[in-house]
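Protein chains: 2
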Amino acid sequence: MVFLDSRRKKQLQICLQKLGLSDTKSVSWKLLDLALTHPTISREHNYQQLEFVGDSVIRLVAAEVLLETYPQESVGEFAAIRSILVSDRTLAEFAENYGLDRYLLMSEGFAQDKIGRVYWLADAFEALLGALYLSSHNMDLVRPWLDPLLIQKAAEIHSDPARQNYKDALQEWTQGEHKILPQYRVIEQDKNQGYEQRFFAEVWLKDRKLGAGYGRSKKMAEQAAAKDAFFSVVYS
Amino acid sequence: MVFLDSRRKKQLQICLQKLGLSDTKSVSWKLLDLALTHPTISREHNYQQLEFVGDSVIRLVAAEVLLETYPQESVGEFAAIRSILVSDRTLAEFAENYGLDRYLLMSEGFAQDKIGRVYWLADAFEALLGALYLSSHNMDLVRPWLDPLLIQKAAEIHSDPARQNYKDALQEWTQGEHKILPQYRVIEQDKNQGYEQRFFAEVWLKDRKLGAGYGRSKKMAEQAAAKDAFFSVVYS
Chain A
1 MVFLDSRRKK QLQICLQKLG LSDTKSVSWK LLDLALTHPT ISREHNYQQL
51 EFVGDSVIRL VAAEVLLETY PQESVGEFAA IRSILVSDRT LAEFAENYGL
101 DRYLLMSEGF AQDKIGRVYW LADAFEALLG ALYLSSHNMD LVRPWLDPLL
151 IQKAAEIHSD PARQNYKDAL QEWTQGEHKI LPQYRVIEQD KNQGYEQRFF
201 AEVWLKDRKL GAGYGRSKKM AEQAAAKDAF FSVVYS
Chain B
1 MVFLDSRRKK QLQICLQKLG LSDTKSVSWK LLDLALTHPT ISREHNYQQL
51 EFVGDSVIRL VAAEVLLETY PQESVGEFAA IRSILVSDRT LAEFAENYGL
101 DRYLLMSEGF AQDKIGRVYW LADAFEALLG ALYLSSHNMD LVRPWLDPLL
151 IQKAAEIHSD PARQNYKDAL QEWTQGEHKI LPQYRVIEQD KNQGYEQRFF
201 AEVWLKDRKL GAGYGRSKKM AEQAAAKDAF FSVVYS
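Heads up: the sequence lines are chains A and B, in that order. Under the numbering used here, residues 1 to 236 are what the first sequence spells out, in order. Under the numbering used here, residues 1 to 236 are what the second sequence spells out, in order.
If you're looking for bench data, these hints aren't it; they were derived computationally from the structure. Among the clues, some could well be false.
Because identical chains cannot be distinguished in the list, a pair is counted as satisfied if it fits within a single copy or across any two copies.
What the hints assert, rightly or not - Straight-line distance between alpha carbons at most 30 Å, and here's what the computed DSS-like set of lysine-lysine pairs gives:
id	residue 1	residue 2
1	Lys219	Lys25
2	Lys153	Lys18
3	Lys209	Lys153
4	Lys209	Lys114
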């Protein structure tokens, strides 16, 4: 049994206030403390198990929110948007907005590692979701404050085509279904900068061409090919 | 608004009885009908959106069940077991045991495709979980019958080292964290069949060696290397 000192508990209460959670009766403070303890503090008692649970929590909530907000969208679009919503970058951004690092116990040296920052912020955010979910075994402590964040972020992604990352979404699918990565073949058709069809990309899965597309940059052509593949093969 | 004919509703009720669900008051029959409708029946109204949700439901329930059943196990072990629990093969096996194909509406021709069978059975099973979760927005219609299945399957996987698939688990991690696949390099050290150290495998992530191991077969050596990587790098 872990007893939290009153200073730590106060700290965790402030953290939940920041999330906007007013009713904290069912919160397990022990789990919450664990969620905000980095492995550099303890190899045994840290956020890793909760992160494992929280990773599924965010995926499920994101799926529900997308279905509720965009009931007419295709599953391909859902998968593309969700892959951005649950990415380390997005989760770290949420964590950063709440100043989650102030409540996370971790070794001084590690905290200053700028490159790792995105990963441990995202991990701690997932662990926080895991702790709140496991406190009540439902989404009552999660959805009230997480839904608005996801809805806003999903709207940004949905309305900005340049943000849509079909390459990640396609890769997630080929990995899940075929255990291999898609391969991109790009050729420069024209040296003219800014020309819409400057690059032509094809995306292949072993011997099977999944899709093709054009773009002003190599990356944009690959995204166009991935989008084509996504809608013609994955969700046809 | 979709109204189900009484024959279809009766069919769906029998399906839930088979799962062992007695209290079906909160079930959305409309969602359940959708979950058991293959895209060959309708391009618009089929199980795809529910499968998208259900995929997260099974991952979350599996995470909870593993944490509850094996609280002392490492996260590496959880990830390895879960990757088998949520695989198409396992889900299709569950679906097969319940005779789920008898309740699934799909075109005759497609139903006879033996190769695709594992995929559509797994998809329909996930969609069923999605429909039950979305009926109540909690796990009340899911965990009572799914937990025992997962606990039994997890015990089989946990107790049989040969079933442990560290390659899949490692790949899931490198994909998630680094967006690349691990590479295996295997050498045959000895032609002696049955020799425990006949093959030696290393697993690399770009220029970084993650782990190494021996085995009687190429596959076993790769699994040993993946396991080494898993515990020395992923969950160290």
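How the hints compare with the structure:
Taking the shortest alpha-carbon separations for Lys219 and Lys25, neither the intra-copy value of 49 Å nor the inter-copy value of 51 Å comes in at or below 30 Å. In the homo-oligomer, the alpha carbons of Lys153 and Lys18 lie at most 30 Å apart inside one protomer (19 Å), although the nearest pairing across protomers, at 41 Å, exceeds that limit. Taking CA atoms no more than 30 Å apart as the test, Lys209 paired with Lys153 passes in neither setting, with 33 Å inside one copy and 37 Å between copies. Proximity of Lys209 to Lys114 under the C-alpha cut-off of 30 Å is restricted to the inter-copy arrangement: shortest distance 24 Å between copies versus 40 Å within a copy.
Checked against the numbered hints above, the structure violates hints 1 and 3; every other hint is satisfied.
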